[in-house]
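One-letter residues, chain by chain:
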Amino acid sequence: MATGATLTATRARASAKARAPFITLAGLRGIAARILPPLVVLAGFLLLWEVLCSSPTAGLPPPSRVLTEAWDIIVDPFYDNGGTDKGLFWHISASLQRVALGFALAVVAGVLLGTLVGQSEWAMRGLDPIFQVLRTIPPLAWLPLSLAAFRDGQPSAIFVIFITSIWPIIINTAVGIRNIPQDYRNVAAVIRLNPIEFFYKIMLPSAAPYIFTGLRIGVGLSWLAIVAAEMLIGGVGIGFFIWDAWNSSHISEIIVALVYVGLIGFVLDRLVAGVGVLVTRGTSAA
Amino acid sequence: MAHLSLSQVGISFRRGGKTSEVLRDVNLDIAKGEFVSIIGHSGCGKSTVLNIVAGLLKASTGGVLLDGKEVNAPGPDRAVVFQNHSLLPWLTVRENVALAVDKVSKGKKTRSERAQWIEHNLALVNMMHAADKRPAEISGGMKQRVGIARALAMEPTVLLMDEPFGALDALTRAHLQDQLMEIQTRLRNTVIMITHDVDEAVLLSDRIVMMTNGPSATIGEILPVPLARPRRRLDLVEDATYVHARAAVLEFLYARHAKPALAA
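Protein chains in written order, with numbering that gives the first Met the number 0: chain H, 0 to 285; chain F, 0 to 263.
Calculated directly from the structure, the hints in this document are not laboratory data.
Predicted model, so just to flag it, every value in this text is computed and none were measured.
Cβ coordinates follow ideal geometry from the N, Cα and C atoms, glycine included.
There may be inaccurate statements among the hints.
[Stated by the list, open to error] DMTMM-like, lysine to aspartate or glutamate: derived pairs with alpha carbons at most 20 Å apart:
| hint | chain 1 | residue 1 | chain 2 | residue 2 |
| --- | --- | --- | --- | --- |
| 1 | F | K102 | H | D182 |
| 2 | H | K200 | F | D101 |
| 3 | F | K105 | F | E94 |
| 4 | F | K57 | F | D76 |
| 5 | F | K102 | H | E196 |
| 6 | F | K108 | F | E94 |
| 7 | F | K105 | H | E196 |
| 8 | F | K107 | H | D182 |
| 9 | H | K200 | F | E94 |
| 10 | H | K200 | F | D131 |
| 11 | H | K85 | H | D75 |
| 12 | F | K57 | H | D182 |
| 13 | F | K102 | F | E112 |
[Claimed, not checked] Rough simulated footprint, nothing fancy, chain H against chain F, three-plus residues with beta-carbon under 8 Å:
| hint | stretch |
| --- | --- |
| 14 | 78-85 |
| 15 | 98-107 |
With these hints in hand, go ahead and build the complete structure from the sequences.
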């Protein structure tokens with residue numbers, strides 16, 4: 000049997016060598032097949048937009064005018080004239096800092112609370128109904144309350160991020176903890192892991208795929224919430240930038256900012272998903 | 000005094016107001032170094048017996064004494080080889096064994112002694128070649144070997160095996176049985192093995208404990224297997240003692256205590 004396996008392996012290697020140039024070509028074709036369709040659709044969309052908004056009475060500027068009007072902020076995202084008159088880079092970095100802080104707090108609190116709810120029958124009975132009600136409250140509805148409590152925009156915005164992203168983290172962590180196979184618990188019992196060792200050696204790795212599902216949903220929600228929250232609290236931030244542009248009727252700048260918001264949201268989602276794949280390599284292959 | 004003794008062990012489970020008695024009056028004394036198999040039809044509670052000895056389940060009546068001390072919680076002195084290997088999929092083979100060794104012999108062995116002990120046990124089950132692979136990358140037989148290495152590495156007083164080879168194909172199973180016998184000759188562990196395979200029970204055991212059918216299952220009969228060791232599978236096929244022991248177990252399982260559903 001071992002000889003058979005070696006033979007097959009050798010043959011596979013030989014054929015791979017013979018087919019090498021074709022594979023490169025096929026690979027290129029594969030990449031093209033994935034990149035071309037969205038580019039074509041994007042071009043079609045821009046063309047349609049250009050045609051629809053080309054009349055002088057149109058409410059929105061066509062893409063060509065967006066480019067010329069907003070050229071300054073596109074080519075120089077790093078300018079800083081003091082106050083809130085800064086380039087897009089500074090606004091986005093301020094928003095990202097708020098999201099990073101609020102989300103990080105939500106990850107820690109969410110994973111711990113989720114573990115409690117997943118592990119303890121009584122904690123679940125007591126907390127789950129409350130969580131189910133609280134999680135339906137729209138993010139912005141928390142803002143007035145947090146402004147009243149913190150009396151400052153910055154911590155209020157961070158709190159809104161925290162409270163928005165914590166629910167999916169709690170719920171998914173709890174499901175992951177509840178789904179830890181009894182076998183793993185038995186192994187831990189036989190070697191007498193203490194609760195803290197059990198938490199980071201068995202619970203976290205075993206529930207990691209679920210936890211990362213929660214983190215991905217959570218980071219998406221935080222990015223949704225921060226833009227809205229910043230429109231209300233002001234200061235430096237991409238949400239305020241958009242609101243400020245609207246108040247000064249700079250529609251082109253709003254469009255550029257929206258493109259940035261979309262791209263950053265996409266990158267955040269991919270980032271968390273990527274970390275998840277890296278961390279749960281072993282677990283998901285179970 | 001017996002090394003391990005179960006006296007008047009019984010267990011009942013309550014589900015929705017209904018109490019069902021799974022085991023009653025299980026009495027068993029096991030000597031040091033003895034290899035005991037527990038055999039019975041599926042659902043007779045043989046795994047429950049093992050789980051009580053392991054401390055994973057609490058007996059409703061009676062109790063288990065190991066070297067005169069009562070067993071009431073799981074511990075590495077009664078290491079378990081689980082039916083479905085129970086390796087942690089995010090750890091490599093070596094890390095799985097290391098998790099147990101580092102926890103169990105912390106304070107007793109230095110870091111380098113522990114590392115050496117991990118390698119030693121992996122070598123014992125011939126798994127050195129795949130020490131850095133994850134469980135998903137190795138075969139079922141290899142996973143079970145790692146499970147055995149992990150249990151042996153805890154240096155248990157009693158090794159508990161819950162149908163360790165049940166999920167394996169016949170050839171792999173025979174191979175692992177031979178390896179287990181070889182390890183057993185060297186280490187002289189006390190072993191309790193749950194099985195539903197008559198040949199496996201006769202080949203490996205010093206005594207075979209035969210369980211009656213549930214509910215309220217108990218020990219029906221205990222059969223000594225006075226075969227000399229080392230035992231070789233091929234020599235035994237026509238050995239009178241072997242054939243007789245095998246016939247006795249089969250007679251117990253299929254004539255006197257046939258599964259009710261099958262008998263009907």
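Okay, the hints, checked on the actual structure:
1. Taking the CA atoms of K102/F and D182/H, the gap is near 18 Å; set against the 20 Å cutoff, the hint holds.
2. A threshold of 20 Å between alpha carbons decides the hint, and for K200/H with D101/F the separation of about 12 Å falls inside it, so the pair holds.
3. For the given pair, K105/F sits about 15 Å from E94/F by alpha-carbon distance, which is consistent with the 20 Å threshold.
4. Among the hinted pairs, K57/F with D76/F is consistent with the structure: their alpha-carbon atoms are about 17 Å apart, no more than 20 Å.
5. Our distance criterion of 20 Å between C-alpha atoms is met by K102/F and E196/H, whose separation comes to about 10 Å.
6. Distance check on the hinted pair: K108/F and E94/F sit about 17 Å apart at the alpha-carbon level, within 20 Å; holds.
7. With a CA separation close to 14 Å, the supplied pair K105/F and E196/H stays within the 20 Å bound.
8. Among the hinted pairs, K107/F with D182/H is inconsistent with the structure: their alpha-carbon atoms are about 27 Å apart, more than 20 Å.
9. Only pairs whose Cα atoms come within 20 Å are accepted, and K200/H paired with E94/F is accepted, the gap being roughly 11 Å.
10. Of the pairs offered as hints, the one joining K200/H and D131/F holds, with about 18 Å between alpha carbons and a cut-off of 20 Å not exceeded.
11. Between the alpha carbons of K85/H and D75/H the distance comes to roughly 10 Å, so the proposed pair stays at or under 20 Å and holds.
12. Under the criterion of a C-alpha separation no larger than 20 Å, the hint pairing K57/F with D182/H is consistent with the structure, at around 17 Å.
13. Of the pairs offered as hints, the one joining K102/F and E112/F holds, with about 13 Å between alpha carbons and a cut-off of 20 Å not exceeded.
14. A stretch counts as covered by a chain when three or more of its residues have a beta carbon under 8 Å from one of that chain; for the stretch 78-85 of chain F and chain H the count is 5, and the coverage holds.
15. Evaluation of the coverage hint for the stretch 98-107 of chain F: fulfilled, as 4 residues show C-beta separations to chain H shorter than 8 Å, against a requirement of three.
In terms of the numbered hints stated before, the structure departs from hint 8 and from no other.
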